[in-house]
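Kindly generate the complete structure, drawing on both the sequences and the hints.
The listed protein sequences correspond, in order, to chains A and B. Heads up: the first sequence at position 62 corresponds to 62 in the working numbering, and the numbers run straight through without jumps. Heads up: the second sequence at position 219 corresponds to 219 in the working numbering, and the numbers run straight through without jumps.
It should be emphasised that the hints constitute simulated quantities derived from the structure, not laboratory data. Please note that a few of the clues may not be correct.
What the hints assert, rightly or not - Listed next, the stretches of chain B that the computed footprint assigns to chain A, with coverage defined by at least 3 CB atoms under 8 Å from CB atoms of chain A: (1) 65-78; (2) 119-125; (3) 249-262; (4) 297-310.
Cβ atoms here follow ideal geometry from the backbone N, Cα and C, with glycine treated the same way.
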Amino acid sequence: MLTFVNVIVAGLLTGCVYGLMALGLSVIFGVIRIVNFAHGEMMAVGMYAVLILNQKLGLDPFVLMPLVALALFLAGYALQRYLINRYMARPEHEQFLMLIAVSIMLTSGMLIAFGPDARNIQVDYAYDSYELGGVLIDKVRMLAALGAVSGAAALWAFFHFTRIGKSIRACADNQVGAQVVGLDVKRLYAVTFGIGAGCVGASGGLLLLLVDVQPYIAADYTLLAFIIVIIGGLGSMPGALLGGVLVGVSEAVSGFLIVPSLKSLFSFGLLIIVLLVRPQGLLGRRA
Amino acid sequence: MNADIAVSWSRRSGLSLAIFVAASLVVPVIASNYVVSTLIVLLFSAFLGQAWNLMMGYAGQLSLGHALYVGLGAYISGALFVQYGLTPWVGMLAGMAAAVVAGVVIAALSFQFGVSGVYFALLTIAFAEFARIAFNHFAWVGGSSGLFLPVLRLTGNDILHLRGSPTMFYYILLALTLTSLALSNLLLRRRIGFYWRAIREDQAAAQAAGVDVFRYKIAAVALSAAMTAIAGTLMAFYDNNLYPNTTFGISRSIDIIMAPIIGGLGTLFGPILGALVLTVLSEATTNLSANFGIDGLKQWIYGSTLLIIVMLQPAGLWPWLRARLRLDGADG
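Here it is, written out as structure tokens:
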């Protein structure tokens, strides 16, 4: 029984990191209406950035995380400003193919730079754990979840208390209206994509504490992010976190009770049910 | 898309097509094994692209999970052959039936529940991935360690059991590609083709005009799934090995949709031109990057060229080429 509680807690904590990753996708879709098919690839870039900087500079991943998030913010800003903005009025399949091309370039770029081998980060607190009423909690998992939750909280504050955050929400609610009142929608879109990229980059840095990185994991995480945001509700911030936690727990429990390789079967099953029964997601609003 | 659909083929277009077909027929006689095997890759891509184009290009339903139908066509015919020695032509029918049932169920569920656009696309991915993971744990077809078809040493070609030389597969695929070209051309001129394009352009307007939208969308999905399953069966018997992760994988679905989009979505020759461009590009990058021996260089060049094409000709290469060659006539 206690083992089972351990598994659930571990899934819950991993789920928080998934939530931050999905938050990036959700923010991008909610505002720009672009489905970022290069999301997992951007996360893998964040993972490699943290890994390499940690090896070169010896800094703790939690110190590096904000730096990497900032770097990805700038990259995401530029990507939206100079590439994706051209496709805003184009059909979905063209946007899709363009992002697939970007994702192929990112994956192969990582393959060229870092090779195909799986790598992981070494921290000296890797095997520490806390005990809470008999339940064992890994220190890295706990810290990663805390990092993810504080990232999400910062984002929430940004969208509710800063002028630019409020402007972005205005764009999401009514793009034409936002243009009418004089907001620079193209720049706000670029900021939004930057934020989405920063989020996923940060979550990559956190996830690196829990899993190994190699260039080809990217596609799996793109799909995982889709599952989470659809379950939670595309465009809903609390939905992304809830979806992340649900998928994290579902993966952990099914991996523990059945076989680990079947864990995503349940996630996809959950996705199919949510799409059919409640397509706007658990916490989403109907369009 | 425009009025010239009903115009019959001009002599110029007809002649170009005749030369193209004649050249395709003699290629295996004069070309090397390498060329034939590359052309087989091309024809698989063209035929699958045509199948996908029917559903997305004409009827406007974006599927990103066509690997599901490839997988059903491949695995069902392959498993029936390995387990019972059943001829792949019967197995192909079984695979097509399964793919049609799967496609119709997915489409009917989504249309019934109002799942459309991006959500429909994500749903098709979800079903394909679901099947991929399920087949990885399906011991009867080998699970994740794969299904292998016995390779027989034959002097001749055994068409009944699809055991033979690449040349045999080349001609079968060529016949299929030309048949589906003719079929697409025929359907586009019929009522169903006009209804599909009406649904693609404005579903609400089509419905208001009295088109049975649900029925015609389902028809497009069923036809597309059946054709894709045929390609799956041929792929199983050409490759002789099947793994769920590649057969049902998302990268397969992405490969399927690239040729028709690059070539020109909703055009007759787009999937074929796109397959030609992508196959040549893939072979060229393989040869080019082989000189450097760097992992990932091939895909990087491939990806960046893809991006350049999408940036320069977002509507596809065929509409552009057709204007350059001043070919007119039937092309939706």
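What are the numbers of the hints that this structure violates, sorted from low to high?
1
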